[in-house]
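Engineer: Protein chains in written order, with the numbering used here: chain A, 1 to 376; chain B, 377 to 526.
Since the hints were made in silico from the structure, they are not lab data.
Treat the hints with caution; some may be incorrect.
[To be verified] Label-pair ranges, simulated between beta-carbon atoms: (1) 25(A) <-> 506(B): 15 to 21 Å; (2) 293(A) <-> 508(B): 35 to 41 Å; (3) 518(B) <-> 212(A): 20 to 26 Å; (4) 300(A) <-> 421(B): 46 to 52 Å; (5) 506(B) <-> 186(A): 33 to 39 Å; (6) 276(A) <-> 508(B): 24 to 30 Å.
[Claimed, not checked] Using 25 Å as the maximum straight-line C-alpha spacing, the simulated DSS-like pairs for lysine-lysine come out as follows: (7) 450(B) <-> 242(A); (8) 306(A) <-> 515(B); (9) 60(A) <-> 306(A); (10) 515(B) <-> 269(A); (11) 60(A) <-> 36(A); (12) 95(A) <-> 269(A); (13) 461(B) <-> 60(A); (14) 349(A) <-> 453(B); (15) 413(B) <-> 60(A); (16) 242(A) <-> 515(B); (17) 269(A) <-> 356(A); (18) 438(B) <-> 303(A); (19) 95(A) <-> 190(A); (20) 388(B) <-> 438(B); (21) 194(A) <-> 103(A); (22) 269(A) <-> 103(A); (23) 303(A) <-> 450(B); (24) 388(B) <-> 306(A).
Note that CB positions come from ideal geometry on N, CA and C, so glycine has one too.
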Amino acid sequence: MNLFETESSKLVESEEDFVVNIGPQHPSTHGVLHLKIKLEGETVKDVEPHLGYIHRSIEKMSEAGNYRQFSYLTSRMDYLSSHMNNQACAIAVEKAIQVEVPKRAQVIRILMAELTRLASHQLWWGAMGLDIGAVTPFFISFRDRESILEIFEDTCGTRLTMNYNVPGGVMLDLHPNFQKRVRELLPILKKNLKEYDDLLTGNVIFEERTKGVGVISGADALSYGCSGPVARASGVSCDIRKWHPYDGYEEVKFNEIIETAGDCFARYKVRMLEMWESISIVEQLIDNIPEGEFQAKTKNVLKPAKGEWFVRVETARGELGVYLISDGTANPYRVKFRSPNFSNLSALKHMAVGGKIGDLVAIMATLDLVIPDIDR
Amino acid sequence: MSNEELKAFVSKIIPEAVFEEGGQYLNVIVDAVLVRKLLEELRHESTTGFDFLFCLSGVDWKTHFFVVYHLESKHNKHIIVIKAKVNREEPVCPTVSDIWRTAELHEREVFDLFGVKFTDHPDLRRLFLDDTWGFPLRKDYVDDTTIVSL
């Protein structure tokens, strides 16, 4: 079969159906997602996602690597929450080899995770504006995101695929300037977050485009396996940081943001308010980083006993699950990643059918899909 | 419900179910032929009420496959793991995509990578790969291009 030939599709039933392809190269899909859309006039009748354009079989490659190596691949899944992906893998291996993580490493992990969440939501906010038709937010959000990425670069050496969490703690100690730079950054971010609200939130056109669009009820969101801001906007409490705390999240004070409308605007609001919560978590911890080791001592070659572990972590897009099975050798027997975007995507059809094709773009923007995380 | 109560509930529906304990969650191993009946009960009975299928994965154990369902109840706050034992020669498993809608894509993924056929699935096609590929996550899969060597 020719690689470029599209696979058989169930979509076209008669010749009268008008089918439009969005993607795989299209600005509003933020990556190589291919949607086949059946239209009647401007109304969406059916949506069918075609996946696999960036499938790298990370689960198969994980079986070839050892217990330290496979987490590096996960930075390439949801590259905007690479830190949380690494964290999930590190926790899974720590559970398997039964290692206590030092307190200092836990606090550093939370700080990095919340900064990643901020950077990710900022990028989403800019891209969301762009999708809806406002160009300015994109530049503003990239300006702010840049300042967070520079802080990552100081400590981790990289800006996007951090690979900073390793089994037992974090790879390196914090850069001496880390606390100072974060303290300087927080007031600026707070000021800018208000600017975000001024630009988009109250805008009449923006509200018209998002309010009442792409509604999904709480029960449906659960059935479709939605998690993260998408499910919380429908009134489902699903924040893993609250439900199954990890790495010391139980000692941090923050609110789980829940909206009930279930439309695009509710999803927008959840993410906007989550940024404030992330800032508050960073504020609580930045002056209270405990002294001590940043990495627990582990053996060179990790060989967990036979068994299986499931670790759930809240990334910027929802719940990431790592299902790790060990057969007692130095390589994982099976690694399954339950990626948040994969499940969130399945709700797309439910949200989009019956609406206009322009609304589909707004829905895609608020689902905040990262395609490499869907294909893996 | 505690794990003991869940065990009693499961054994009432499927007396031959095997339990694995000592792990993180309560694991139940049942034959694929019986799994749908159990999952339906677990979803619809109000005392169990597992409304969130947070992971559906396939595992190849060389003699058989497991289709693993990770279930959580948001209301009753308990978690259970159901493992459906699937014959390797004739890999067939009933679909649960009408019980949890998220299973539709997840089952397509398991079909794509393991070759497990889900009966009554509304749209069972390859998800990531095209029809000429084998099933890469099977342990006996031979990679022609040897990009991945195990």
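Engineer: Quick check: which numbered hints come out false for this structure?
Structural biologist: Hints 2, 3, 5, 6, 10, 11, 12, 14, 15, 16, 19, 20, 21, 22, 23, 24 not satisfied by this model.
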